[in-house]
Amino acid sequence: MSVRVLNPNAEVLNKSAALHMTINAAKGLQDVLKSNLGPKGTIKMLVGGSGDIKLTKDGNTLLKEMQIQNPTAIMIARTAVAQDDISGDGTTSTVIFIGELMKQSERCIDEGMHPRVLVDGFEIAKRATLLFLENFKTPVVMGDEADKEILKMVARTTLRTKLYEGLADQLTDIVVNSVLCIRKPEEAIDLFMVEIMHMRHKFDVDTRLVEGLVLDHGSRHPDMKRRAENCHILTCNVSLEYEKSEINAGFFYSNAEQREAMVTAERRSVDERVKKIIELKKKVCGENDNFVIINQKGIDPPSLDLLAREGIVALRRAKRRNMERLVLACGGEAVNSVDDLTPESLGWAGLVYEHVLGEEKYTFVEQVRNPNSCTILIKGPNDHTIAQIKDAVRDGLRSVKNTIEDECVVLGAGAFEVAARQHLINEVKKTVQGRAQLGVEAFANALLVVPKTLAENAGLDTQDVIISLTSEHDKGNVVGLNLMDGEPIDPQLAGIFDNYSVKRQLINAGPVIASQLLLVDEVIRAGRNMRKPTA
Amino acid sequence: MREIVTIQVGEFANFVGSHFWNFQDELLGLASDPGSDPIFRNHNLNMDVLYRSGETQQGVATYTPRLVSVNLKGSLGTMSSRGTLYNEGSSSRSDSSTTWFGDVDTQRSEPRKRKLFLKSLYEEEQKVGKEIEDKDIVGSLDEEVECWTDFSKSHYHPQSLDELNGLWMDSKDFNNYGIGKDVFSEASRGEEICDRLRFFVEECDHIQGIKFLVDDSGGFAAVAADFLENMADEYTNVPVLLYSVRSPMSQMSPKKTVSNKLHDAISFSRLSSLCKLFTPIGLPSLTGSKASKFLNLGDEKPYRSSAVYAAALHASTIPFRMQPTSSDSSEVSNSMDVNTLVQLLTGRGRQNIVAILDSAMPAPTLAGKQLENTLLTNLKALTPEVNEDVEDNQAVESMCILGALRSEDKEALVSEVKNAVDASYEHAITKTKPLFCNLSVSRCPLPVPLPFPSIFGNLVGIKGEILSSPVSDSLYRGSLDVHSIPVATRWRSSSAILPFLESRMGHLEKLGIQWGAMGSDVVRSWGFGREELQEMRENLSKMVSELNPQFFESSDSD
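First to last, the protein sequences are chains A and B.
FYI, UniProt numbering numbers position 519 of the first sequence as 519, with every residue one higher than the one before it.
FYI, UniProt numbering numbers position 272 of the second sequence as 272, with every residue one higher than the one before it.
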């Protein structure tokens, strides 16, 4: 072979071996993630070599924790993670869908079919399914007043696959309310405006929505108030510390007095800035008002001293993103220079207080008017619990955002997959000429992997379930799977809805990757042994 | 007090860092031990510059490095990424499924075995098991060390250790700029790293600088560059001292590939544009180099080679923590802050930001007739691709000497060291004197902690003095035989660095930019456009012309 001429160490896997390597890798990955799917899936506890614990039911997190070596598996994993990046959910579904497509293809190829023909069939089926999805989706009207009920149902569907029911239901309201809080008419929703903050608390498992902001640092002066009411909030990005400025880079002093003079001059300009802020405070603050500075740059002890003497609370080195959030939560605007200080640039909060946990300090900015930014505060006994809730909250937020932006949802519990499969088999397949029909059929059967896996994870008999679902569907009903008893249910009544964009992305990406993998007929790797089992 | 925050990015950088923090831990231990040499008890060095005080939720006081360390996943060995101090205790570990009442599928990877050294530390803490002989520990370390945590005796804060998740590749495949390119920005990894840094910076009342160690031989160069870019935005006026450290292993292969050369050029040009002072450390081979006249190093083990670099790093940063109030006390002299050093080396006449680091370990004894010359000749460059024969009368130097000895086992006074250095410059025959030389002295030598590798030859005595006759047959003497050593380091801003700069510029031009260049596909796949490369070349040639005024004339003529 020509490759061998170029590199004697190169190893070449030809047609069938190459194909089986990729198919096995896809199936392997599917096996790992399969048990995650749905509200009856198992949670995975990963204990690392150093005893670190990771707890997850999220396919995305699990993939990132795994040390994947096989090139095919990496390709699939990247697609799945990209799915999560784009639509916020559906990682597990992507992996098992691709795995199932490969599995169905394997059967056809073993019977002598050429991968090319299969791939053509996939393409036809994909387009037909996307078209079908357009008709199948349930439109939701998202006017100025969003339909809170439907949002809650979508969020609940997502959250219940990640957390137990009670906790999921508690989070549902929080997640929906926080997205509605940051939603602005005519603008895309920026989920970063919801801060997710966590506290490690010995016994407490609790999550709450703070209308306002929680910062993970406090003031750095002993005399500053720990609790202040009626606060004017100054959000700024002004250095209030003495630093050698760039301008003086080439300047050298020749004696101690000159040095002193330079230092005092520098210091004075910092003090000037502090004084301007104090002036503003005096101008706006009444008897019972307080003044809080939240600064992105540093504030050194002398400046803190000056501010503390005036009863001002000051926080330094705030997160860049919090500057944006603060303005949205409290009003006013971020100030970049003391020359821009005006009473209008100030925001307002009813209550600012500090909470100390060991060496960690938290500052709560609450009771704000018309907040457009908020914080979800998660308390948990240990890191892995917090991390898991955090992941779930993120997924919940994404599902609500998707619903608002899609202005439609898709019936869940496997209803879409069953309906689409029947559509492909009963309608589409007949319109296709020749052997590509088999590709369409393989695609249609692969869709069923979602209800099958749901059933399997719930401990039901998959064949029974599929038969009862398809026959119920052929009677003309839209049916999903009841995981309690394996009977068909109406997902609409049960309130089980999935995101439209997640499904669309899944149907788009799955066949593309599967087709690419199927068309690989030679794997070449220079100088390394592929057949050796990799861990 | 002026704080420094340390950042370590990449495998070898963390090896060096681990030794560095071992030195600090040893210094802290000796300072509080009433039985130790008084020289360690009042060293007049402020440890708070590097360390932070904190407290766990249980109210236990902690003292941990102000450190952000970035690692590949799985390279922390037996160390938990949360460190060792802030553990929530075993009770809360069992109630794992408070968030899920369904089935739990536990995947337990084989617990990694603690190496003998860590086991001894752990058992000492728990007061169980029988004492493990120091001798066995030292012996076992050389064989057993696989990752940098295996010989680290320092405790770390939970915010310190970061692992890059979801890369799905071996450390040996993470070997060029292109591979690391999107690592920082993807999957909010960068955000997490920046949050960790912010945690430490927020606490600082008056930060003097950031000490940034990066193993830029692979994909970490790109991670570091993105991180630095982010820092430049956030902490505009905080000077960054960048050390690029490379293990001899990473430069072993005799024939560098096109991609290696381009990687070196690009990573240097990106990183140097984002810091105030760039110090490349890492010789292609330590065994054959002059740096190891009294040391037996070997190139294979990063555990051994990193120790030499860590000692130089320690010595070179000592001036930043001398108590400024005692500017001329009997223990230390001539404290500096990061900004002063940067201006000293880069701000005079020539704007050269690439410095050479020389080190003498152990530093020679000051007594004896030929003392004048030994100090300067013993200082050997740890920076690769340096032209030692160059005469540069514009050079600027900053030297730092720790614990120099006057005779067999007597530490020299600060004034004696100063005089000796003056004298050695006076009597130097071969070399052109530098334009300016700054000298900082501390009487406190480098303590050799237990997990320090056995790298000393048989001419090194218990206090690091150089003996006239071999003391024993053993070629490898370690922490049990040598308790402390004097170290001298010197920063040089000199045209001796020109070969380093020129080779990078040449490779970029020849392999990346020229029409039909061999590496143009490589750089394109790394996502660099032609303009970007040209801008890099522009910057590099500006650096070269700072040091070599003829350069512009010659390149203009054609």
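By construction, these hints were calculated from the structure, which means they are not laboratory data.
Hints may be right or wrong, so weigh each one.
Said to hold, decoys possible - Dumping the calculated DSBU-like pairs for lysine-lysine here, alpha-carbon to alpha-carbon at most 35 Å:
(1) Lys319(A) - Lys113(B)
(2) Lys319(A) - Lys202(A)
(3) Lys113(B) - Lys379(A)
(4) Lys542(B) - Lys202(A)
(5) Lys152(A) - Lys137(A)
Stated by the list, open to error - Simulated restraints on C-beta separations:
(6) Gly311(A) - Arg108(B): 13 to 23 Å
(7) Lys172(B) - Glu405(A): 26 to 36 Å
(8) Glu65(A) - Ser415(B): 52 to 62 Å
All values reported here derive from a predicted model rather than from experimental measurement.
C-beta atoms are modelled at their ideal positions from N, C-alpha and C, and glycine is treated no differently.
**Request:** If any of the earlier hints don't hold here, list their numbers in rising order.
**Result:** 1, 4, 6, 7
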